[in-house]
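Protein chains in written order, with the numbering used here: chain A, 1178 to 1515; chain B, 35 to 537; chain C, 1233 to 1588; chain D, 61 to 389.
Where hints are given, some of them may not hold.
[To be verified] Covered stretches of chain C (chain B as the covering partner; in silico rule of three or more C-beta atoms under 8 Å from a C-beta of chain B):
#	region
1	1453-1462
2	1466-1478
[Said to hold, decoys possible] Capping the alpha-carbon separation at 30 Å, the derived lysine-lysine pairs in DSS-like fashion look like this:
#	chain 1	residue 1	chain 2	residue 2
3	C	Lys1528	B	Lys399
4	D	Lys379	B	Lys515
5	B	Lys183	D	Lys258
6	C	Lys1420	A	Lys1482
7	B	Lys420	C	Lys1560
8	B	Lys425	B	Lys435
9	B	Lys435	C	Lys1528
10	B	Lys268	B	Lys221
Honestly, the hints are just simulated from the structure, not real lab data. Ideal Cβ placement from N, Cα and C applies to all residues, glycine included.
So the chains spell out like this:
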Amino acid sequence: MENAKRFILFILLGVVLLTYAGCSRKDKPSDQITICFAFQDLETEYWVAAHKAITETLRARNIRVLERNAHQDANRQLEQIRDAIAQDVDGIIMIPQDGESAVTIIGEANQAGIPIGVFNRPPADRSKPALVVVADNERIAEEAVAYMAEAAQKLNRKMTPLILVGDLGDQNSIERKNGFYKAINAHPDLFKEPIEVPTKWDAVTTLANLEAALQVEPRVDFLFTSSDFLYPQVKAVLEPLGKWKPIGDPAHVILGGLDGDSAAYTLMKEGYVDATGVQDLFFEADAIMEALLDAIEKGQSTPEKWIQDPGFALTQENMAEREMDMWGYRILKAEAGS
Amino acid sequence: MAECALKIRDISKSFFGIQALREVNLDVREGQTLGLIGENGAGKSTLMNILGGVIALDGGAIRLFGDKYYPACPADATRAGIAFIHQELNLFGNLSIADNLFIDRFPQFRRSPLIDKRSTYNQADVLLSSVDLRLPPQTPVELLTPGEKQLVEIAKAMRRESRIIIFDEPTTSLTAAERSRLFAIIKKLQDQGQTIIYISHTLEDVLRVSDTIAVLRDGCLVSAGPRDEYSVNKMISDMVGRKIEQMYPTRDTCLEAKPLLEVQSLTQPGIVRDITFQLHKKEVLGIFGLMGSGRSELVRIIFGLDPFSAGKIRLNTVNIPKPSPALNIRHALAFVTENRREEGLLMEASVMENLNLLTLGKCSKLGPMGLIDRMKTTKCTQQMSKQLNIKSGPIQKHQAKNLSGGNQQKVVLGKWLLTDPVVLILDEPTRGIDVGAKVEIYRIINQLAEKGTGILYISSELDELMGMCDRILVMSNGRLKAEFQRDDYDQEAILQAAFSASN
Amino acid sequence: MKMYRILLRWPEKVVLSDHFVLVLTALYFLLIWAIYPHMAGHRNLANLLSNVWPLLALVIGQMFVLIVGGIDLSQTSIMAVTSVLGAMVMAMRFDPAKFQHNPLWGVIFSEQGGWLAGHSSAVPAAIFVMLAIGMGIGFLNGLAVAKLRMPPFMVTLVAMSFFSGLAIYLTRSENIMHLPASFIAIGKGAVGPIPSALLIVVSLAAVAFVILNRSVLGRWFYAVGQNIRTASVSGIPTDRVVILAYVFSGFCAGIGSILYSARLEAGRPTLGRNLLLDVIGAAVIGGISLFGGKGKVLWAVYGVLFFVVLDNSLNKMPIEFYSIDIIKGCVILMAALLDALRTRIAANQVIAVGAA
Amino acid sequence: MDGKRKKLTFALLNNTPVLLFAFLFIVFGFVAPQSLRYQNIENVFKQASYVGIIAVGMTFVLLTGGIDLSVGSNMYVSAVVAGLAMQRYSIGPWPALFLCLMVGAMFGAVNAFAVAKLKIIPFVVTLAMMVTGRGIGLMFSKSHAVSFPDSVTGLGSADLFGLIPYPIVLFAMVVFCAWILLERTTLGRQIYAVGFNKEAARKAGINTDRALITAYILCGVFASLGGFISVAQLGNVNAGFGKGDEFDAIAAAVLGGVSLFGGVGKVFPGVVLGAVFIQTVSNSLVSARVDLYLHPLIAAGFIFFAVFIDSLRSTYLAKLSRRNIRVEE
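Could you put the whole structure together from the sequences, leaning on the hints where they help?
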């Protein structure tokens, strides 16, 4: 009995205190712009860096940022953005789970008259107006693999290619896989049937499956990873087998990836990686922010703009002149500078 | 030598204003056995819970071998040398006998935390042989019979060199043979000078083992004294507060020839062999047998819980080729199982929900699978609860687990009675319930028989069977060994038949 | 002293009643409202409620399985499979670039759309297929649990990985767009002022309520969960009851799948990928026991409300994404702690009543 | 004759996990003969070692009748803390390992406190800790990948005496310690007792809180150790590290015969076989170059089969042993 009373008092007291604390806070100044930044999850270094660039830049401009992590659930993302809309945000930037859900969510924003920007993963169709910045994953992958194939041709032997496939539920990984195949199929005589290794965008799975695959087919000498963030696992598997060798060594495995992060830059510099597809992070982040803020300023409710990140394949050949365009390199520089 | 092992002075305990114990004084002399009796709710378990450190006392003092004794938790009681052998055994079925014996303190290698397996097994062997249990100590406890588990509990108490051993209803799940084995062990303990408190509803047993007897009623000590001053009748009248003239009510036995249940050559290899009998209208037919003789297994097969390979079962002149509980219930067969906790009740559910579990279909709108007619079920169940004199709070809310054993058993009985059974199978219906409730249940059974229900009555209490039944069948080793009519009842002959070895 | 006692009687009743989780949720809501005024704005409330319905459908299904002492981890993968198959029946158009390498291309769908594309019965047929498949998978789960005596956790865990794999296999990772407008209306449309999702799920809840509280079958579910041996001695067809619980869970997953697919306007092989712990978490927070025999439709509603209000409130906070996770976990823990305290107090009171 | 047959059936049923393995090996021996090479088998064990270690920790909690959903987040937090400590304060690999285990133990201690002292249901406690833990980990890492120095990753791929890879050695050591603890110490036996019936355990004078707390803390420690070993092989910790591993660990333990209701199960050989079984299936599928989309379907089929056989076995064994008792009487 006595317990029950104490318990109730405890709750009531807590509520009163918290309410008081809540009420005593100042209201946000009404002129401050609020932007909702919703992302599906920060799986790769690319998105981590983008997240950092976007939120820091916005906050530096005295813009209120609502960050929303959808934990790879399109539905949750839809709910989050609806909540943001109900909260009268001024604009939305999102990294959608996939192109299809992006279309639905853009529709929601359009209906509410709030400008929306889609970052790095394009909506499945252009039926609804939005600001989109996107890199052509398929083309960038194809370019990188094409360079790797060129390098392979010089070796004058039949190559055994292997691709680390990303999560099968993710559009970008499917596009990258398609790009890989386009480049491979351009050289029908050079390559054997490629080995596909599932990674589910998970390091542990990658390690286990890559190890198993190399056990079966130890002659693999051409390896493309669908994302740069898996290089440490590639190294962990290749090194004990004596296949982690720089370019020029007869045991060298021709290596390539996509993203362009700082680890990839370091590995290219050290001569382990032949080529990597680069999306221009800072360009994309700036482009989407500028476009969105511009739309907010002009009072456009459903702005439409399709911004293409040219992207390119950074190769050993063009490294000297183009490394400046690689975001991983710039982050490394910035860290070294600070 | 005649020092007081346990001295209880003016102990009181109340729960939320209800006085459970009122200034109880009790002495147990060292080396003696105290028989403690009382109806459910008389305060026995409260007293024992205080001794066991489960609850704290409100007032009074306890001295254990002269020292003040205020246990704060069960571990304190154990440390002070009090061992409980509970009604629901506190054994761990997933562990071996040896593990159970030493669970709070294993023999260890010197100065290491590791268990010395060899010495554990050796010591366990010694303990087991001292309670006359010849099993390897590695045997998992879940494979033991209830009697063997009881012996393991005693061995555990002996291992701790307990100064007082408290037996709380130790014989409820034991067969006659196991019971005599238990008494032999208790005798052995008494000879060694062990102090014992023995609690039971089986008054004959209490008389048999105790040196002194104490009776509790409504939280007060009613009487106490040496055994010679007591008889079963005096014990009952002290407990109940009035005289019970007759344990087993009389009944006109005018059997009708109509067989309600016919079993013909029922066989299931390894369980029962070639069982044939008939149960008539208005008849109470007893089945006596030791644990493992196949008596409970037989009725489980009849009720369709276990399979059989050959034989025929006819219920109310209808052939039942493939019995199942649902089918049997449809043919008005009822079965009160031996373990009400595991198979009789939904402990979490209310009394009402337990009572109407079987008759939901009868009290429903829109067909037997439709909606429950609440008015009707409430009426039916309340009537039944009144008829059986079930003591509980509001039956819609009172959970079955908060009832006393006797009332729980009445709920199980009431649940089946609501189906208007033609044949009622009772497996140990009075196990572990107090005298008052027993008498009530006997009366209910008699009323049913008089109304024409055929009753198949299984019990390990021979007295009870002889008091209640018109006919007794004796089973041993899965076979029917003998049949006794009421006029030829002879305790020795029945026991002999039950003990007779195979063939 | 007397005043104090009278003052306390009402809250005491609330704390000890079934509706404690609702009270907690309401208090939490008020607290957040004080900080973020638009919390109670009608648009936000509409949003909040629209998030309740599909989740509630799943939790109600889960509850049936929990009541019979099982667990259904496969609900979300049932959603994925049914979402994809339903879309294959009714989608208006398939993009050949994405689907022409699919093994089912030209078999049940083609560029002209799904199996029944454009046909007037397409949407009802698709809904029928989704519910039937959901119930079918539930039936398989139930069969394995009841007849083969396999542990529910493992059965449904395996089913989870199998059917989510199957959903991805069927579409080769692609989402199926171009669903008919009448289907999408289920997720967004309204009948008069009442959203159709509300209509569907509230009627589902009402049916579940009637089954559990008023019907013979409902009592059987509880009996099986509380003590399966007593239930079988009492002539209850326990196997069938268990199977039925899983079938119902599958059915509810089908409903959830319809609502979520309609909202997202696509058949998605990854639908509800990370929803599972929300479903079970909501059920458990609501007070439904993982050990069987205990659960009420109202409790499911409260559990879902709690989770949805929690998520909604976190969406208001302008803080870093990781802080949101930390706060979410702490709030769940606090709610559980309060509930544990409450149970202990309630247990004491029962002893008092019992002794009286 | 009959007795002999019964004995044989008994022996067969008691060893079904082993038989199942034999079956698995034969199937994949035909489909992908390469998978039977020594090197590959060593790989399977190496890859299984980290899930195995977590499963061993999980076993302790499952034995008490609880569940720990937070091991995945625990792995992430402890690995991130260790990794950052090595990066920023350049501490050596051994202090880092110690730090990692301490974080794991603290994580476990929070679970233990909430379960044993505050008496909250384990499912909710560990669910909340799973969410909170991930958040705390991300707070430290800011979602960046944290890479481990070569001094650690070297250990991941190195062999003890050039023979056995370190992860396998550690796995064996963990299994041995857990086995000793559970089978040969009083506390271990008490954990079984608590899982069987907590109330009875309390009445028998067992300190149930101590048993519970030990179980949860050990689960935390083993989770962080498993995480560390995994990172030593991977080279870095990504934001998704450990996600979903709780289900793998539970699946491995349950496949190995551990009951989710507490009190039943053995670390050796049960849990070890469970962990290796799962890894063997996925490894063999890659070896056999099966269509990626079919992997989860086939793996689920194998696990279903294993669970099915196991449940057949336990019902049948229960029947057999019950009858045996009758015969002895």
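Tested hints:
no.	hint	verdict
1	1453-1462	holds (count 6)
2	1466-1478	holds (count 4)
3	C:Lys1528 with B:Lys399	holds (22 Å)
4	D:Lys379 with B:Lys515	holds (27 Å)
5	B:Lys183 with D:Lys258	holds (19 Å)
6	C:Lys1420 with A:Lys1482	holds (27 Å)
7	B:Lys420 with C:Lys1560	violated (52 Å)
8	B:Lys425 with B:Lys435	holds (13 Å)
9	B:Lys435 with C:Lys1528	holds (21 Å)
10	B:Lys268 with B:Lys221	holds (25 Å)
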